[in-house]
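Q: Heads up: the protein sequence lines correspond to chains A and B, in order. First residue of the first sequence? That's 1 in the working numbering, and the numbers climb one at a time after it. First residue of the second sequence? That's 1001 in the working numbering, and the numbers climb one at a time after it.
Rather than coming from a laboratory, the hints here were simulated on the basis of the structure. Since this is a predicted model, take the numbers as computed values, not measurements. Note that beta-carbon positions come from the ideal geometry of N, C-alpha and C, so glycine has one too. Mixed in with the good hints there might be a few duds.
BS3-like mimics (lysine-lysine), calculated; alpha carbons at most 25 Å apart, straight line [unchecked claim]: (1) B:1057 <-> A:97; (2) A:26 <-> A:70; (3) A:69 <-> A:109; (4) A:97 <-> B:1071.
Here are some, though not all, of the chain B residues that point toward chain A, as calculated from beta-carbon distances under 7 Å [stated by the list, open to error]: (5) 1010; (6) 1056; (7) 1099; (8) 1107.
Reference excerpt, derived from the structure (chain B facing chain A, CB under 10 Å, subset only) [claimed, not checked]: (9) 1048; (10) 1050; (11) 1064; (12) 1072; (13) 1090; (14) 1092; (15) 1103; (16) 1109; (17) 1113.
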Amino acid sequence: SQQGEEDPQALSIQEGENATMNCSYKTSINNLQWYRQNSGRGLVHLILIRSNEREKHSGRLRVTLDTSKKSSSLLITASRAADTASYFCATDDQGGKLIFGQGTELSVKP
Amino acid sequence: EAQVTQNPRYLITVTGKKLTVTCSQNMNHEYMSWYRQDPGLGLRQIYYSMNVEVTDKGDVPEGYKVSRKEKRNFPLILESPSPNQTSLYFCASSSALGPYEQYFGPGTRLTVT
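So here's chain B without its partners, still in its complex pose (with noise of 0.2 Å):
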């Protein structure tokens, strides 16, 4: 089944712990992106890959980081999460060069206390 899968679904942690959530698709998909959704601010995009090894910032890149060092994965890592980076998080890829009629995973609802 095409899909996009991430990792963890729910998790809840401290300020200043290191985390990594994992987004890996199985469609051979080009296109990559991170996106957070906040309440009253809709979705945000936070960084984006057009292919391996490109990566991009998008609206709200600050306190994340990615790598896209293989087709199908693209994690996002939080080096040092603050209570600000609470919120919902969807990771969604595209076969085309672009963020065009993208694949959604099912969101990662990260909690920093």
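Chain A on its own, in the form it takes in the complex (with noise of 0.2 Å):
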């Protein structure tokens, strides 16, 4: 399996500060995604980074993709308490498969 791996898993800042998450995976991929997920509910899509681009933004997320070290992270600025969630990073098999990390839980206090 290709399994995703998130670092940290936790993480807990304040109000304002930014949030940095880590993804790395193990195979060759078409693109690599972000997903959130708010306490026992459905993901929502994030932001979709396709295997040649090297940094994509969207609002306040910022992306980065470096496929030599086969690694991801997505940066969350100014973070506000309701970006509380858990993120997950999800990497495809150049098919129909989807593997997920094992996500991170972060906690922005007011």
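Assemble the dimeric complex from its two separately framed chains, guided by the hints.
A: See below:
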């Protein structure tokens, strides 16, 4: 399995600070995605970065991808209490399979 | 409203009693998939479907069946549920020809006693 690993498993910060989460994976990919999950609810897609891209932005989100190191990072800038959630990276096998990382639990304290 | 619906949302059943969890999407999406989420194990893909009548195994297909007879529906069938299938199940769909930018359903919490 090319399951991704995320780091840290849990992160606690103050509102206004930046949050950085990292994801590593094992094999070649087409794309890497980040999803957010509020407690026990369905996941919400945040951003997709293609294997030939190095960096992508969406609002307060910045994602980087280093295919040589098989790693990605998600940066949330100026975090808010509403950003409290679990964040997952997901990689495809160049087919229809999708492998999720274990997730990072982010807690943003007001 | 564009959405993925799952039914039931909660189910408690006994070992061996066949059950079906329905999944339906109203977005005309090609790709659909089932996942299970367990503490410490994250989300794992059970089955996926790239189109009608096309299904394939994910990482943990044992003990599950699926069918894709219509584009909008992708039911998950547990022929003989066992306690190790107690989990939170999610259905998801995507307009892309693959598992990208998926819309997730609200989840079905299944307990098998």
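Q: Determine for every hint whether it applies to the structure shown.
A: Going through the hints against the structure:
A threshold of 25 Å between alpha carbons decides the hint, and for residue 1057 of chain B with residue 97 of chain A the separation of about 8 Å falls inside it, so the pair holds. Distance check on the hinted pair: residue 26 of chain A and residue 70 of chain A sit about 7 Å apart at the alpha-carbon level, within 25 Å; holds. For the hint pairing residue 69 of chain A with residue 109 of chain A, the CA-to-CA distance comes to about 32 Å; that exceeds 25 Å, so the pair is violated. Distance restraint check for residue 97 of chain A and residue 1071 of chain B: the Cα-Cα separation of roughly 19 Å lies within the 25 Å cut-off, and the hinted pair is therefore satisfied.
At its closest, the beta carbon of residue 1010 of chain B sits 11 Å from a beta carbon of chain A; the interface hint therefore is violated under the 7 Å criterion. Below 7 Å, beta-carbon pairs count as interface contacts, and residue 1056 of chain B has one with chain A at about 6 Å; its hint therefore holds. For residue 1099 of chain B, the shortest C-beta to C-beta distance to chain A is roughly 4 Å, which falls under 7 Å, so the interface hint holds. Because the beta carbon of residue 1107 of chain B sits about 6 Å from the nearest beta carbon in chain A, less than 7 Å, this interface hint is met.
Against a cut-off of 10 Å between C-beta atoms, the interface hint on residue 1048 of chain B holds, since the closest Cβ of chain A lies about 5 Å away. Because the closest C-beta pair between residue 1050 of chain B and chain A is about 5 Å apart, less than 10 Å, the hint holds. With 10 Å as the threshold, the beta carbon of residue 1064 of chain B stays out of range of chain A, its nearest partner Cβ sitting at about 15 Å, so the hint is violated. At its closest, the beta carbon of residue 1072 of chain B sits 17 Å from a beta carbon of chain A; the interface hint therefore is violated under the 10 Å criterion.
For residue 1090 of chain B, the suggested interface contact is upheld, since its CB lies about 6 Å from the closest CB of chain A, less than 10 Å. At its closest, the beta carbon of residue 1092 of chain B sits 8 Å from a beta carbon of chain A; the interface hint therefore holds under the 10 Å criterion. Using the Cβ-Cβ criterion of 10 Å, the hint placing residue 1103 of chain B at the interface with chain A is satisfied: the shortest such distance is roughly 7 Å. Against a cut-off of 10 Å between C-beta atoms, the interface hint on residue 1109 of chain B holds, since the closest Cβ of chain A lies about 8 Å away.
At its closest, the beta carbon of residue 1113 of chain B sits 21 Å from a beta carbon of chain A; the interface hint therefore is violated under the 10 Å criterion.
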